[in-house]
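These protein sequences, in sequence, are chains A and B. Just so you know, we're using the numbering used here here: the first sequence kicks off at 1 and counts up by one. Just so you know, we're using the numbering used here here: the second sequence kicks off at 1 and counts up by one.
Calculated from the structure, these hints are not laboratory results. Nothing here was measured: the structure is a model prediction, and the numbers come from that model. All C-beta atoms in this analysis are idealised placements derived from N, C-alpha and C, irrespective of residue type, glycine included. Treat the hints with care, since some could be wrong.
Which residues of chain A face chain B? A few of them, derived with a C-beta cut under 7 angstroms, are [as the list claims (entries may be wrong)]:
#1 Ile32
#2 Pro34
#3 Asn53
#4 Pro116
#5 Gly332
#6 Val369
#7 Leu372
Not everything, but these chain A residues come out facing chain B in the computed CB check (under 8 angstroms) [claimed, not checked]:
#8 Pro38
#9 Phe39
#10 Val44
#11 Val48
#12 Arg54
#13 Ala55
#14 Pro95
#15 Gln96
#16 Ser101
#17 Val105
#18 Gly120
#19 Ala363
#20 Arg364
#21 Gln368
#22 Gly371
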Amino acid sequence: MRKPAATLIALLVAATGTAPAIAAQPENVRDIVPAPEPFRYCVVCHGVELMGNRAVDAPRLAGLPDWYLARQMAGFRQGWRGVHSGDLNGMEMRPQATVLSERQVAEAVSYAASVPADAGAPPAVTVSGDAARGRQLYAPCAVCHGERGEGNQSLQSPPLAGQSDWYLITQLQNFRAGIRGSAPGDTQGALMRASVTTLTDHAAVTDVVAYINSLSQTDAGDTDMHKTLAAATLTAAIGLGASAAADVIRHPIPGSDFPIAQAVEVTAGTTLVFHSGTTPGAANPDAERFSPEWWGDTEAQTMSVFGRLEQSLAAKGLGFGDVVKMQVYLVGVPEKNGAMDFDGFMTAYRRYFGTEEQPNLPARSTFQVAGLAAPGMLVEIEVVLARPAE
Amino acid sequence: MVGAVGGSAAVYQMSVALGLIPAVAAADTPRVDLRPLGRSGRRVAVLGAGISGLVTAYELERAGYDVTVIEASPRVGGRNLTVRRGDRIDEMGNPQTCEFDDSPNLYFNCGPARIPAHHEHLLHYCRTLGVPLEMFINVNYHAWVHDPDAFDGKPVRMREYIADARGFMTELISKAVNKADFDAVFSDHDAERLLGFLRAYGDLDADQLYKGSRRAGYASGGMTQPPTLKTPLDFNEILKSSFWQFRMHWGEGEDQAAPLMQAVGGNDNIVRGFTRNIKSRILTGAPVQSIRLREDGVDVAYHHRGRVQVLNADYCFNCIPMHLMPGIPSNLPREHTDAMAHAGRGKLMKIGLQMNERFWEKEHIYGGITWTNQDVEQIWYPTHGIHGDKGVMLGAYIFNDQTNERLARLTPAQRIEVAIQNGERIHPDYRRHVENGVTIAWHRMNYMMGCTTQWESEAVRESAFRVLQQPAGGRHYMMGDQISYHPGWQEGAISSAHLAMADMDRRVRAELTAHA
């Protein structure tokens with residue numbers, strides 16, 4: 001088993017180290033967790049690393065806990081799952097569950113539970129519902145499945161966040177229609193069947209699943225942005241995300257024309273590129289090294305940084321329009337009584353962002369720092385980019 | 001003179017040119033003419049060892065490519081599967097072992113079973129690989145037509161059904177022709193000719209009436225005793241039967257004919273013909289774990305002998321079923337994965353039964369197909385092993401999706417029981433003859449999970465092929481019968497492979513020219 005946490009840390013270090021870090025190129029296909037020989041049958045339909053396959057109606061199993069998997073396998077074997085005439089997909093699963101011995105079932109469950117939720121590509125979003133309405137509809141669901149859809153073993157409620165939306169829709173519809181949760185023996189299913197009465201129509205189902213999708217986007221049980229980014233980086237690094245469209249939503253600052261975004265939303269599956277801090281070159285190379293004349297002022301240094309950054313991005317097939325996040329470090333100047341020359345920086349910034357040719361605005365933070373790597377250096381800029389779809 | 005100089009081919013070409021004989025429609029995909037690589041090597045990954053994969057390996061290695069075939073299942077051949085005694089049928093949740101007697105004639109072609117005369121690529125390989133062929137009888141008027149809703153559920157001979165149906169139809173049309181309405185359309189001569197046509201087609205008497213036909217078979221006599229005609233079937237019953245809907249015309253389909261061909265001893269001899277002649281590595285038990293397109297090639301990770309290994313290929317030819325591709329991580333362009341998402345997973349089942357005697361031969365049936373509109377749909381009588389002790393017949397070949405879904409949920413023994421119950425309504429002693437059987441639900445077979453590819457519409461298929469018949473990133477080709485307009489046929493698979501190889505060949509020629 002690989003240790004996903006360690007891999008994440010390693011990638012984060014690589015991404016924030018000194019070398020300009022384009023998303024690591026994937027020699028790391030070795031990171032794939034191959035299915036052990038007896039479980040090769042599982043991955044034919046459920047996919048490598050159990051990421052699910054809608055084309056054969058096989059749900060995502062990665063990230064499901066062993067207690068839930070074991071209970072459902074028991075259901076298939078005991079005949080309370082996959083027997084209803086309306087459940088063609090469940091009926092397809094049943095022979096696989098019944099052909100195994102008890103020991104093989106236990107081993108299969110233990111293998112499936114060992115595959116981490118973020119092992120393969122995150123599930124594609126295929127449902128467009130009203131997530132805001134879904135959030136209200138989700139309130140009673142949260143009692144058992146958790147505020148963030150993380151599941152609750154003591155209530156035998158499986159995690160929902162991170163599951164494929166098409167599968168959630170199918171199962172909710174099955175519960176509503178009595179196709180699932182009505183067989184004797186399926187005691188938990190019966191509870192769920194009673195609970196879905198709050199979802200009165202198909203729109204309610206898609207809305208609540210759209211909301212669950214939004215929980216999946218920020219990683220169930222963890223709101224830490226770094227982890228989300230890291231998961232996206234991991235995805236990119238093992239080569240799963242590059243084909244997905246760069247799905248970037250830029251939220252403007254309400255009632256403001258200041259040329260930055262209030263927030264930028266990047267859908268899972270997009271390749272993110274972490275670019276190291278870029279520093280300026282000399283404005284007047286003939287002047288005394290590291291003197292104010294040699295460097296130029298904040299505006300000149302910012303222009304130099306953007307010029308260098310532009311070259312580096314172009315070499316990677318990227319441009320300023322792909323920047324989703326920017327961190328700006330400025331050193332104070334005597335002309336401003338030791339404060340940063342924010343206006344000087346902004347003058348340069350406006351030439352590259354929020355223009356007619358390049359209207360895309362990043363989320364941005366600007367810091368004043370005590371000093372940078374070289375004496376007299378006033379500007380360093382770090383960016384994160386979302387690689388556009390091919 | 002032409003013949004003396006150019007041989008029979010020249011005579012043929014000349015005859016076509018002079019309009020003396022019609023030209024045979026050429027295959028739309030010519031056999032690839034690969035430029036030999038010489039010392040400039042190219043590494044190729046072939047994903048899947050079905051017919052298209054084997055053809056690709058065979059052709060490319062001859063042109064100097066370094067080929068590795070990566071096959072997930074433990075066997076080679078894909079859906080070209082012939083089972084004999086002891087063979088394993090790797091169905092999800094229903095593994096079976098073939099229990100036929102150990103005898104050269106007792107085998108069952110679970111996948112492709114018949115070869116039409118115009119599948120010229122496949123026939124080319126059978127010829128060059130030394131795979132002996134024999135005729136396969138596809139249409140046999142001695143076989144039965146059965147419909148529980150017609151003729152009191154009793155089977156009737158196909159010859160009787162067809163002769164009487166034509167007799168009644170032509171008699172009816174004759175009456176219409178004799179009415180004055182046709183004068184406007186036909187001259188007197190034409191009307192006379194039409195009546196003659198109808199008499200000949202329906203075997204009518206001089207008064208344009210159908211009173212039975214020798215074509216239906218005699219009721220008695222005909223050798224040393226005077227023949228008596230059968231009483232014609234009730235036309236209402238003929239109409240009630242569903243046989244006329246498509247089964248009656250089956251043998252006239254584009255890829256059908258009364259005589260087709262099969263490989264002597266089982267159609268997997270075609271697979272053997274390839275593997276005998278392929279030197280490249282063919283890795284079995286090696287499921288693909290990821291496909292990563294690079295700017296100048298394709299990296300394929302596969303799981304083999306307990307390890308994940310990566311093949312860095314220049315080009316990749318992929319015949320993995322498209323409906324299984326979403327389960328394999330890849331960075332194929334969105335355009336390609338979207339196009340593949342339109343490919344549906346078809347359902348198809350065959351059942352093979354070993355019979356303790358060739359009872360059908362006593363019913364004057366040698367080869368061909370009996371049609372029924374029960375679950376099993378078709379019963380095929382083996383063309384090979386005539387007058388032998390036993391025979392393996394096809395007890396079911398099911399096209400209907402709902403029937404396939406329902407039968408797939410049964411155990412193999414239950415499916416065979418359905419086949420027996422259906423069969424004994426046609427052949428009364430059927431049950432007594434069945435010794436054992438195999439059931440192949442292609443939509444449940446491991447590493448397949450479908451046959452044949454289904455498309456929402458012809459327009460969807462065409463637009464998908466506009467993308468999928470081009471290589472992703474100029475490096476990765478989808479292929480197989482699934483990328484052809486002839487799915488479920490080996491010729492479709494081979495044509496698709498040749499189309500893909502021809503595209504790569506153009507690219508490689510350009511590369512070699514650029515570096516020359």
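If any of the earlier hints don't hold here, list their numbers in rising order. 4, 5, 6, 7, 8, 9, 16, 17, 19, 20, 21 and 22
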